[in-house]
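> The hints should help you fit chain B onto chain A, whose structure is shown.
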Amino acid sequence: MWMSELPAFIPFFIGAVVALLTRGHLRSFLMLAIIVLSGLQLWMLPEAGVRVELGFLEYQLVPYRVDALSRIFGYVFHIAAFVSVLYSLHVRDTIQHVSGLLYAGSAIGAVFAGDLLTLFIFWELLAVTSTFLIWAQRTERAYQAGIRYLIIQVLSGVILLAGVLIHVSRTGSLAFDFIGIGTVDGWLILIAFGIKAAFPFMHTWLTDAYPEATVTGTVFLSAFTTKTAIYMLARSYPGTELLIYVGATMACFPIFFAVIQNDLRRVLSYSLINQLGFMVCGIGIGTALAVNGAVSHAFVHIIYKSLLFMSMGAVLHMTGKIKATDLGGLYKTMPKTAILCIIGAASISAFPLFSGFVAKSMIMVAALKEGHDWIWLILLLASAGVLKHAGIQIPYFAFFAHDSGIRTTEPPKNMLIAMTIAAVLCLAIGIYPTMLYQLLPFKTDFNPYDVSHVLAQTQLLFFAVLAFVLLNLKGLYPPEVRATNIDVEWLYRRMLPRILRSGFSWIRRTDEALRGVAMSKVNNLFDYFSQLHYPGGKMSRMRPTGHMVMWVAVLLAVYMWLLLSFAN
Amino acid sequence: MADKKQYLFDNPRNVKLVLYSLYISCGILLLLDFILHRHISHSWERLLGFYSIYGFIGCVSIVFGSKWLRTLVKRDEDYYDSDELKKEKEGEHVDE
Chain A
43 MWMSELPAFI
53 PFFIGAVVAL
63 LTRGHLRSFL
73 MLAIIVLSGL
83 QLWMLPEAGV
93 RVELGFLEYQ
103 LVPYRVDALS
113 RIFGYVFHIA
123 AFVSVLYSLH
133 VRDTIQHVSG
143 LLYAGSAIGA
153 VFAGDLLTLF
163 IFWELLAVTS
173 TFLIWAQRTE
183 RAYQAGIRYL
193 IIQVLSGVIL
203 LAGVLIHVSR
213 TGSLAFDFIG
223 IGTVDGWLIL
233 IAFGIKAAFP
243 FMHTWLTDAY
253 PEATVTGTVF
263 LSAFTTKTAI
273 YMLARSYPGT
283 ELLIYVGATM
293 ACFPIFFAVI
303 QNDLRRVLSY
313 SLINQLGFMV
323 CGIGIGTALA
333 VNGAVSHAFV
343 HIIYKSLLFM
353 SMGAVLHMTG
363 KIKATDLGGL
373 YKTMPKTAIL
383 CIIGAASISA
393 FPLFSGFVAK
403 SMIMVAALKE
413 GHDWIWLILL
423 LASAGVLKHA
433 GIQIPYFAFF
443 AHDSGIRTTE
453 PPKNMLIAMT
463 IAAVLCLAIG
473 IYPTMLYQLL
483 PFKTDFNPYD
493 VSHVLAQTQL
503 LFFAVLAFVL
513 LNLKGLYPPE
523 VRATNIDVEW
533 LYRRMLPRIL
543 RSGFSWIRRT
553 DEALRGVAMS
563 KVNNLFDYFS
573 QLHYPGGKMS
583 RMRPTGHMVM
593 WVAVLLAVYM
603 WLLLSFAN
Chain B
1495 MADKKQYLFD
1505 NPRNVKLVLY
1515 SLYISCGILL
1525 LLDFILHRHI
1535 SHSWERLLGF
1545 YSIYGFIGCV
1555 SIVFGSKWLR
1565 TLVKRDEDYY
1575 DSDELKKEKE
1585 GEHVDE
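Just so you know, the protein sequences line up as chains A and B, in that order.
If you count the first sequence from 1, you need to add 42 to reach my numbering.
If you count the second sequence from 1, you need to add 1494 to reach my numbering.
Looking at chain A on its own, in the form it has when it is part of the complex:
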């Protein structure tokens, strides 16, 4: 056992420094090698896990805690980091390579954090490092989106810090375990996690910024931030009933938004929230089966979601276009990308034999078992919706639909290899789920491949496809149009500025009026004084000297009279 106490984020941070100092093939090789070595180290850790402790003032810090739950997230983060780095090797942009590795390292650090202070540090690092992947697009649009993204991410960190401080003063311990709602700190920490997990009304940072990041940056982004938050919820809020309803909402509403989006990476961003909804729901149900379902869903989701983002990135990279209205017919010149994209689409739609199926069915079964009938029905609708917007819409509008006339070529080799690895993993986990189930936090003998499940899911999906085909043939499917579809972000991008603007203009008007009144009073006073001294004014009147003599005589007389009257 070598260096089993070395926290897994350190190789990534070293990798970032290495990437900064090297160039070309050497950099490519070293970045990949470091991730592989770090992954192997994690793999070889003892079954029981590792716990590194440090004293800090009177508190105990646990910068590295590997147990069953954090370990599986560690594995999938290594896979995601490897695939994303491989996918971005052709990019000649040091900033993206460095911030990509730092970002992946921060996510891994956060997942293995065993105390709230370490967690907070990585939580903020996640925010800062990821923003560079958006800014690296180097357009004004990306810059502004990045600023909005950063503000919201840092806000999440500030709320987390407030929650942590209250928590520590209440319990006297920094330990990061089950927290639960019911206390102020519990709520604050839940809100902080909820922002990064894209809870409803806190989700627009995701759909706003992810489509604006670089081709390769979005692949990184899609894997880490939200799934780190899912891990945090699974760690500290399992079985919180509120999360069931939050999750069901998240699984449903993005479908409707996704269907009408034109930017295909924005479609995928909404679809990401829908997927998170399933996981949040599973965590809310909180039984061993449900949490297993949520964790395995996070695992497979990271892989197929990055596959989908990679395939759309390949399209954007090769054609410079990502709007459905500009694309179509690309299967003619990008057949490999099209097939890989379809594998990702089939996985997210949870077709049997693809990875989504073996994870999602656990959550569905758990929902039914615990008597959440309506939630089950909503999740079932969401499953059909996933197929609609991610499973069909993405491959169909990019690679088929009407021929856009674009003739291009397959993307660079490293992109194709990265996508192939992800696609192979999707199929491998789908066909041989035991591989994944062994890693789960709770022992399970769940079997997704019984007749009932397979038949039910296949029927659901095929008839959803049928509905799409029929609506499309009848011309009832909403056509893609160039438009901006507003969402909750309208509140802070339009309404809040309007309120502030009218508020400020009211303040300015009032201020002006008050100043006007004061100034006129002062002016009047000056006028009065000057009138006193102007010719004809009281102070400038001429009086003869005789007046003075007379008044002095009068004063003397009065004085004499008083003196004589009160002689004593």
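Worth flagging that the hints you see were computed from the coordinates, not collected in a lab.
Check each hint, because a few of them may be wrong.
[Unchecked claim] Result set (BS3-like, lysine-lysine): computed pairs, CA atoms no more than 25 Å apart in a straight line:
(1) A:K378 - A:K363
(2) A:K363 - B:K1580
(3) B:K1499 - A:K374
[To be verified] Derived DEER-like restraints, expressed as beta-carbon distance ranges:
(4) A:A555 - B:D1570: 35 to 41 Å
(5) B:K1580 - A:T486: 53 to 59 Å
(6) A:V170 - B:K1568: 33 to 39 Å
(7) B:G1521 - A:T64: 57 to 63 Å
(8) A:I137 - B:Y1514: 49 to 55 Å
(9) B:G1521 - A:T181: 38 to 44 Å
(10) A:T329 - B:D1570: 43 to 49 Å
(11) A:P539 - B:K1561: 27 to 33 Å
(12) A:T486 - B:P1506: 28 to 34 Å
(13) A:T476 - B:L1516: 29 to 35 Å
Backbone N, C-alpha and C fix where the C-beta goes; we use that ideal spot for every residue, glycine too.
Only chain B this time, still in chain A's reference frame:
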């Protein structure tokens, strides 16, 4: 760019082939409901063809729901764009 090459789905016969195989598989799947015995964990599942119907209706309602949503949230493509962004966009067009 003139592209005279015939691709897979340029031939309407291939498109038809895909569509008909979809219709036939849907038919078979519906029939399987009568033959295979699903174990039921919820009373609604007892309805024959429950999943098929739910999938179809679910999908149609999602499409119509989205159409309705569009009437609420649709704005011009440059709705949020500030003046700098509009300038940047014009710059792009000039480059083209």
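> Could you work out which earlier hints the structure fails to respect and list their numbers in ascending sequence?
9, 12
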